[in-house]
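Q: So the chains spell out like this:
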Amino acid sequence: MAEPLKQQIAEAFVEPACETNRAKSEAARKKGCAKPLMPGAAAGGCAFDGAMIALQPIVDVAHLVHAPLACAGNGWDNRGSASSGSQLYRKGFTTDLTELDIVMGEGEKKLYRAIREVIEAEHPAAVFVYATCVPALIGDDIAAVCKVAAMRFGTPVIPINAPGYVGSKNLGNKLGAAALIEHVVGTMEPEAPGPTDINIIGDFNLSGELWQVTPLLDRLGVRVLGSVSGDARYRQIAMMHRARVTMVVCSHAFLPMARKLEERWGIPYFEGSFYGISDTSAALRRLCALLVERGAPEDLLARCEALIAEEEAKARAALAPYRARVEGKRVLLYTGGHKTWSVVSALQELGMEVVGTSTRKATEEDKGRVVEIMGDERHMFDNMAPREMYTLLREARADVLMSGGRSQFVALKARVPWVDVNQEKHEPYAGYVGMVDLVRAIDRSVNNPMWAALRAPAPWEAGAVVAAVAPLVLAAVPSSKTDFEDC
Amino acid sequence: MAEPLKQQIAEAFVEPACETNRAKSEAARKKGCAKPLMPGAAAGGCAFDGAMIALQPIVDVAHLVHAPLACAGNGWDNRGSASSGSQLYRKGFTTDLTELDIVMGEGEKKLYRAIREVIEAEHPAAVFVYATCVPALIGDDIAAVCKVAAMRFGTPVIPINAPGYVGSKNLGNKLGAAALIEHVVGTMEPEAPGPTDINIIGDFNLSGELWQVTPLLDRLGVRVLGSVSGDARYRQIAMMHRARVTMVVCSHAFLPMARKLEERWGIPYFEGSFYGISDTSAALRRLCALLVERGAPEDLLARCEALIAEEEAKARAALAPYRARVEGKRVLLYTGGHKTWSVVSALQELGMEVVGTSTRKATEEDKGRVVEIMGDERHMFDNMAPREMYTLLREARADVLMSGGRSQFVALKARVPWVDVNQEKHEPYAGYVGMVDLVRAIDRSVNNPMWAALRAPAPWEAGAVVAAVAPLVLAAVPSSKTDFEDC
Amino acid sequence: MAKLIHPRRALSTNPLKTSAPLGAAMAYLGIEGAIPLFHGAQGCTAFAMVHLVRHFREAIPLQTTAMNEISAILGGGEQIEEAIETLRKRAKPKFIGIASTALVETRGEDVAGELREMLLRRSDFAGTAVVYAATPDFTGGLEDGWARAVEAIIAALVPEGGPVLPGQVNLLAGSHLTPADVEEVAGMVRAFGLAPIVLPDISASLDGHLSEDWAGHSLGGTGLADIARMGRSVATLAIGEAMRPAAEMLAAKGVPAEVFGSVTGLAEVDRFVAALMRLSGREAPAVLRRDRARLADTMLDTHFQTGGLRVALGAEPDLAVSLGGALVGMGAEIVAVVTTSGLSPAAERIPAAEVILGDLGDLERGAEAARAQILLTHSHGRMMAEKLHLPHVRCGFPVFDRIGAQDVCRAGYRGTRAFLYEVANAMLGQLHRPRPEDFGASRPPMEFDHAPPPPASH
Amino acid sequence: MAKLIHPRRALSTNPLKTSAPLGAAMAYLGIEGAIPLFHGAQGCTAFAMVHLVRHFREAIPLQTTAMNEISAILGGGEQIEEAIETLRKRAKPKFIGIASTALVETRGEDVAGELREMLLRRSDFAGTAVVYAATPDFTGGLEDGWARAVEAIIAALVPEGGPVLPGQVNLLAGSHLTPADVEEVAGMVRAFGLAPIVLPDISASLDGHLSEDWAGHSLGGTGLADIARMGRSVATLAIGEAMRPAAEMLAAKGVPAEVFGSVTGLAEVDRFVAALMRLSGREAPAVLRRDRARLADTMLDTHFQTGGLRVALGAEPDLAVSLGGALVGMGAEIVAVVTTSGLSPAAERIPAAEVILGDLGDLERGAEAARAQILLTHSHGRMMAEKLHLPHVRCGFPVFDRIGAQDVCRAGYRGTRAFLYEVANAMLGQLHRPRPEDFGASRPPMEFDHAPPPPASH
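Top line first, the protein sequences correspond to chains D, H, Y and A.
Going by full-length UniProt numbering, 474 is the number at position 474 of the first sequence; the sequence numbering is gapless.
Going by full-length UniProt numbering, 339 is the number at position 339 of the second sequence; the sequence numbering is gapless.
Going by full-length UniProt numbering, 321 is the number at position 321 of the third sequence; the sequence numbering is gapless.
Going by full-length UniProt numbering, 264 is the number at position 264 of the fourth sequence; the sequence numbering is gapless.
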């Protein structure tokens with residue numbers, strides 16, 4: 001592994017701003033967050049995957065994967081980040097390294113030519129070049145190629161050095177964000193930076209979730225200047241250093257980036273969430289408070305409160321009709337971070353019972369909050385093996401699983417409703433309106449009559465009963481010569 | 001049957017302008033054209049069907065069928081007349097007479113209310129009310145209802161009195177056209193009648209055929225004022241009396257209408273066809289000549305010739321590449337009237353051989369023309385029973401059948417290509433460009449490799465041969481221990 | 001129980017209904033060597049034939065008694081006799097099924113009586129079975145005509161019962177079943193070792209197959225000898241509420257009957273399978289168990305699309321019950337439904353609050369008002385689908401703007417599975433990418449957009 | 001013979017190809033009680049798993065040796081051993097199929113040798129069959145990986161032949177066959193009284209079925225005992241050119257083999273049926289004859305849409321030969337075609353003048369230039385279909401934006417019939433009503449238009 005990459009990785013692991021890390025002892029902290037992977041029992045994406053997830057939603061950039069086919073071929077066009085502008089980010093570009101390229105050591109040359117070709121064909125705002133395992137192994141100097149290409153072709157060419165084998169998806173998120181800080185942020189200036197310009201980091205605008213929130217910001221006069229990476233343009237990354245406040249949305253992995261923005265350009269940041277009514281309100285409050293601290297007009301606070309009052313009332317009114325339909329339903333939550341803690345209180349408010357929550361990826365603070373909301377620790381668990389979860393659900397110890405796609409089929413195969421609250425979901429659940437959509441989705445799922453049909457025994461199984469609406473059996477009446485019309 | 005209808009029918013049968021009729025003796029002429037139908041061996045639509053076919057393509061009219069369900073329910077939305085404007089004509093309106101309506105004698109009242117409802121809902125240019133068998137049998141006075149409704153609602157309401165049992169589709173065409181003359185033509189005046197305004201009668205703009213021709217007319221400065229009924233508006237029918245010339249396209253049934261236009265308003269007419277290159281040219285020539293006779297500028301003739309020369313050259317150039325592909329193919333033509341005679345010469349010009357043509361619906365003049373084109377009468381036949389045609393085709397005595405939809409499956413089931421040249425076809429074949437489209441369709445059909453596959457015997461049939469590209473059979477080689485990689 | 005709504009209007013806009021005689025003709029075509037014969041004016045037949053040809057894409061041997069001005073007044077007994085004579089001469093049918101039309105029924109002739117007398121007189125017609133069903137266009141629709149034809153066949157051709165033939169089962173197939181549906185359901189019966197007599201069996205005649213010769217009558221269908229044995233079956237299984245009267249006629253001959261309102265949907269097919277297990281005394285075969293496990297999986301995969309789906313449905317009662325029921329069972333809501341005929345109790349069993357006995361015009365208004373998301377009806381619905389931007393799953397009769405309607409199977413475990421895929425994929429085919437407008441959000445300032453530079457020179 | 005075009009460019013835009021290890025994993029999943037294991041970094045497995053899950057909508061038991069910075073340099077023998085140990089403990093698989101990735105093959109380790117030695121040493125692993133295929137991502141695509149896996153299975157698990165087992169036939173199923181295809185083809189073999197051993201049999205594992213329990217390995221698939229008997233079959237029928245090397249391996253063990261480039265299309269299925277007649281010495285059963293007659297009729301009904309149809313096709317070689325061949329046999333023209341791998345002779349047999357070994361970017365350019373009217377490729381093609389306004393028939397892998405890809409059957413008489421309907425209906429779904437503009441015609445003067453009056457008062 002090249003030296004600079006090693007350094008970057010080490011840096012990513014030593015993360016003072018990471019709340020998990022802060023809670024650790026000095027010694028534990030030095031070991032970093034990486035867990036050793038167990039062959040035959042590992043799950044989850046690699047660092048390259050993480051880098052792609054973080055950056056690929058930047059819409060006007062050509063994302064070029066320097067790799068044999070699998071990395072791009074198996075990995076492109078698989079997420080639902082929405083764009084209001086360029087669709088370039090949805091295209092999959094790769095150098096498709098072949099055996100010949102590798103044997104002949106043609107990797108760097110091919111990359112250089114591919115950069116030229118993609119610039120000529122697409123005129124992108126920039127080219128992001130993703131390093132992967134094989135080029136790293138054969139020692140391609142991607143940074144050097146990018147540098148030469150950028151000079152030669154007059155287009156920014158940014159090396160994203162996160163080959164898969166160096167670590168997890170989470171690490172890849174960090175390495176991707178680090179590349180932005182190193183190569184992009186601060187390279188352009190906005191026309192008219194304003195006192196209410198902000199950065200939003202860690203929202204991917206999945207199915208348009210960002211747009212469930214930006215109308216609220218619009219009404220407050222708050223402008224999203226920089227974004228990583230929902231519906232973001234390259235220029236927005238380049239101008240991030242001029243925002244007044246950074247909000248990190250539901251993502252520990254992006255904290256280092258926010259910290260760098262604070263260190264280098266003095267931009268304060270906070271972590272917040274747009275999932276759930278109270279978290280959305282809290283995020284808006286915090287945002288406005290920080291903006292006022294940084295010079296925005298004082299009345300922003302009052303306007304924010306008015307907006308919150310209005311929107312919360314609207315949302316609660318919209319939620320009311322669903323109470324009777326979801327009340328008493330038992331929810332099993334299985335997802336990382338505070339993404340779903342955010343909705344727990346909202347679900348409880350509607351009379352739903354959260355019977356269990358995973359604490360994977362959760363910080364101590366997260367855990368504390370769960371205890372606070374749920375009363376005790378009994379319902380917290382760390383990882384749950386698929387078979388174990390299947391058994392729990394098959395025994396009907398929960399009415400619905402809310403999780404990411406990975407456990408989808410555990411629930412479905414156990415004949416239990418499943419609501420997607422992760423990155424692959426097809427509905428946006430952010431902000432006040434999103435909360436209503438989420439509850440509507442839960443209602444639609446748990447009250448589908450299909451579940452009862454699926455759980456009923458097959459005709460050949462023990463316990464199969466004659467259906468409630470049995471077909472009428474006409475007794476044979478050979479003696480009664482009913483007078484049927486005889487043509 | 002009401003007296004006025006009887007009279008109309010009689011009038012329709014006594015048709016001096018009909019060329020078939022002209023050729024008959026006085027006595028034969030008085031018997032009319034109706035053939036007695038044989039129960040169990042009758043085919044074809046009824047008078048109501050014919051009236052609908054003639055008038056339904058008038059686009060901005062509400063076509064209201066006064067009948068039990070079958071007449072409209074089984075008969076609407078089944079033809080491909082195209083509109084450049086209103087889509088109202090594609091809607092099916094009916095009084096849907098029920099047993100109760102009939103028993104209670106509510107037919108007239110229901111019709112009146114239906115007229116009101118359709119006017120209120122659709123604001124049509126006019127309502128055409130079609131009489132059918134049941135109301136005729138129970139004695140509904142449709143004409144009276146229409147009259148009252150028209151006065152009351154301020155919208156023209158035209159009775160089309162052609163109940164199914166009075167006769168054939170052909171008769172219905174005539175009765176429909178007669179209703180236009182009686183109730184519509186002459187009721188409105190064009191803003192600026194011109195010396196090159198014409199009527200086109202009998203083209204239904206199927207799949208846009210009219211539009212294959214109107215660009216030619218546009219280039220000559222000829223305007224289609226009146227049209228029955230392709231892409232026609234009600235106003236165009238009402239203004240027909242101001243045209244200078246009427247062209248009757250491929251339709252004996254519409255001759256009475258043209259004759260009435262001549263008798264009442266002095267508009268000369270001619271029969272012509274836009275199928276085939278030479279017929280298209282002939283029609284344009286005749287049209288321009290008649291217009292000049294009626295006062296159009298003399299130079300129209302020269303411009304017409306120039307246009308014809310240019311378009312014919314273009315068409316022949318476009319046809320040339322198909323010669324090799326269709327040359328020598330034997331065509332069986334099965335359709336009525338001169339619709340297809342028009343294309344015979346064009347097909348022959350491309351080296352195709354017309355091995356037979358039906359003379360159903362053909363006039364003596366038509367027949368004479370066939371003899372002229374084809375050399376003798378040997379290839380003419382009147383009707384051909386499906387089984388007979390099947391046998392002929394199954395024995396491969398023709399390479400392609402060109403006909404209407406009725407014989408489609410005779411050809412297909414005999415594994416012989418079929419080209420639709422009738423009203424249900426999905427491609428327009430009119431004018432010069434249409435001729436190229438037709439030949440392209442023939443090429444596509446006769447040269448489809450599917451036919452050979454279909455005619456080849458099944459694996460279990462006698463004569464089944466091993467396919468040309470047989471799969472490689474590897475001999476079993478138990479002794480030669482080929483050294484396969486063993487991993 | 002749905003509330004039946006009879007719209008108070010005189011005008012029908014864009015008919016949903018197809019006429020009863022056409023339904024009878026379709027049922028008759030499910031008999032071997034059959035020619036359906038319309039007793040009416042030539043036009044009725046021509047319209048029906050075009051309709052049938054467009055749907056099945058087959059030559060349809062449908063004939064007419066060709067009533068004219070005179071016979072329409074004086075009665076058409078002679079026309080029938082002449083028609084039978086002609087048909088026998090030309091096409092040698094084994095079976096002629098007569099369906100009356102409005103023209104004849106308006107006069108109220110005793111056609112059935114005349115026919116009986118004529119057949120007695122014309123012993124030379126003995127080689128051809130002739131059946132008559134009263135199917136005036138002004139009463140009911142296709143489904144009713146089909147049912148009347150089946151009843152007429154049973155009345156005329158099934159003698160009183162005799163010794164029971166073990167394993168023989170009558171399968172009365174409703175008009176809402178496609179040829180592929182009939183084949184699937186009959187296949188399920190056979191899978192239990194039972195021998196079904198399917199009446200009518202359009203799976204053998206209207207399935208779309210290329211034969212080696214031309215015939216002027218149906219090729220395939222229920223054999224007359226089989227029909228004659230129906231009184232001796234172990235049981236009658238009737239698919240569709242419209243088949244109930246026919247099932248009752250067979251019950252009167254000694255054959256116990258069960259009516260299945262639907263064989264689409266997991267629970268509905270389970271009920272049918274349970275009956276087959278009872279009748280046969282056998283366990284369900286492995287292939288059926290596998291089919292059920294696959295359907296269950298399909299339900300899991302498709303319920304994301306069907307859950308909460310707002311459906312507009314225009315279909316005859318039995319079809320509406322079958323497809324509507326299957327979708328409601330998957331969490332969909334039938335927000336607008338129009339059916340054709342209130343004669344059948346099935347109309348009230350369509351799973352919706354209100355059912356309109358009306359036309360596509362009613363359905364269009366209802367679908368728009370209720371913000372339906374998908375349309376299920378026959379091909380004539382394509383104009384409203386286009387106008388309301390709804391995906392359109394074609395079902396019922398006629399389907400003329402797609403090919404292979406006769407091969408679409410929505411019955412049994414396998415058919416239900418295909419149907420759920422069809423509906424889910426119709427919805428997936430509509431999905432558009434989210435746009436800021438959808439949320440009332442604005443686009444980022446133009447300033448942020450990248451203006452492509454002129455191509456770099458190198 | 002098509003001319004193979006290798007585009008001269010460094011950039012691949014919108015990959016058509018799926019990686020070879022994924023293909024191997026898919027093949028391994030067709031073995032009973034199997035867990036595929038990628039020898040590579042964790043990410044390779046995660047990507048492949050997501051891909052497989054999105055297509056099949058099933059939990060996929062795919063595991064990884066989880067190579068890291070250190071093992072990537074030092075070699076991963078230990079990783080494999082540890083992975084097998086863990087998998088055996090946790091999921092009790094009967095079979096572990098290892099596929100290598102680019103990461104491992106770049107170093108060029110002798111994994112096969114190490115594995116052989118390790119398995120000898122670890123006799124406690126004996127209850128689990130372990131197979132290894134070299135499938136570097138940088139060579140070939142899914143089809144090649146699948147083929148290598150099948151070859152590895154045969155090499156490792158099929159002993160030398162013995163006495164022939166009458167009626168037993170090997171059916172080598174190519175990667176281009178869906179589970180439904182495999183079921184259809186195997187059903188045809190069974191219809192002749194033959195007993196096929198299908199390798200691999202994804203119709204029993206990836207068909208989408210709901211089972212009664214959770215398993216960490218494949219449920220269903222080819223049994224290991226069956227595989228062990230493959231050397232004693234009467235014959236091998238290989239579907240797809242990519243299965244030829246595997247067929248040759250079995251031929252070397254004494255089993256004569258036939259390779260069928262395609263089982264889609266009338267002539268192609270006829271050829272397969274003829275082989276079954278020869279092998280079984282039986283006549284074709286009635287149901288198959290009926291299926292053929294139906295297909296013939298479907299050809300008649302659909303040729304109006306397929307004749308002259310300009311097709312853009314993006315698929316792996318065997319799939320391109322199958323679907324492209326069937327369409328060309330129906331009068332269509334493949335005007336733009338891209339395939340993934342030139343390793344198979346099938347690439348040259350795709351019925352087109354030129355075949356590009358490229359990506360969807362190439363296909364998009366080609367389709368636009370050649371004015372294609374329809375697109376056949378996997379789900380990633382949807383963007384180009386949208387851009388070029390082409391109807392898009394989804395085929396191959398992955399299909400993630402429609403449900404039920406595993407249940408789409410395009411093989412055999414029945415599958416071909418469904419495929420032709422699918423293509424014809426895709427075209428019919430596109431038809432727009434003719435407009436005057438289409439012909440360069442003008443609209444009638446406004447003067448003729450009816451201006452609706454205000455509603456009449458009454």
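Be a bit skeptical, because a hint or two may be false.
Subject to a maximum C-alpha distance of 30 Å in a straight line, what follows is the list of computed DSBU-like cross-link-like pairs (lysine-lysine) [what the hints assert, rightly or not]:
#1 Y:K3 to H:K91
#2 D:K314 to D:K260
#3 A:K3 to D:K109
#4 D:K91 to A:K3
#5 D:K91 to A:K89
#6 H:K425 to Y:K3
#7 A:K94 to D:K425
#8 H:K109 to Y:K92
#9 Y:K387 to A:K94
#10 Y:K387 to H:K91
What the hints contain is simulated information worked out from the structure, not anything from laboratory work.
Q: The structure should be examined with respect to each hint, and the outcome stated for every one.
A: Consistency of the hints with the structure:
{"no.": "1", "hint": "Y:K3 to H:K91", "result": "28 Å, holds"}
{"no.": "2", "hint": "D:K314 to D:K260", "result": "38 Å, violated"}
{"no.": "3", "hint": "A:K3 to D:K109", "result": "28 Å, holds"}
{"no.": "4", "hint": "D:K91 to A:K3", "result": "28 Å, holds"}
{"no.": "5", "hint": "D:K91 to A:K89", "result": "42 Å, violated"}
{"no.": "6", "hint": "H:K425 to Y:K3", "result": "43 Å, violated"}
{"no.": "7", "hint": "A:K94 to D:K425", "result": "35 Å, violated"}
{"no.": "8", "hint": "H:K109 to Y:K92", "result": "47 Å, violated"}
{"no.": "9", "hint": "Y:K387 to A:K94", "result": "57 Å, violated"}
{"no.": "10", "hint": "Y:K387 to H:K91", "result": "13 Å, holds"}
Hint check: violations occur at hints 2, 5, 6, 7, 8 and 9; the rest are consistent with the structure.
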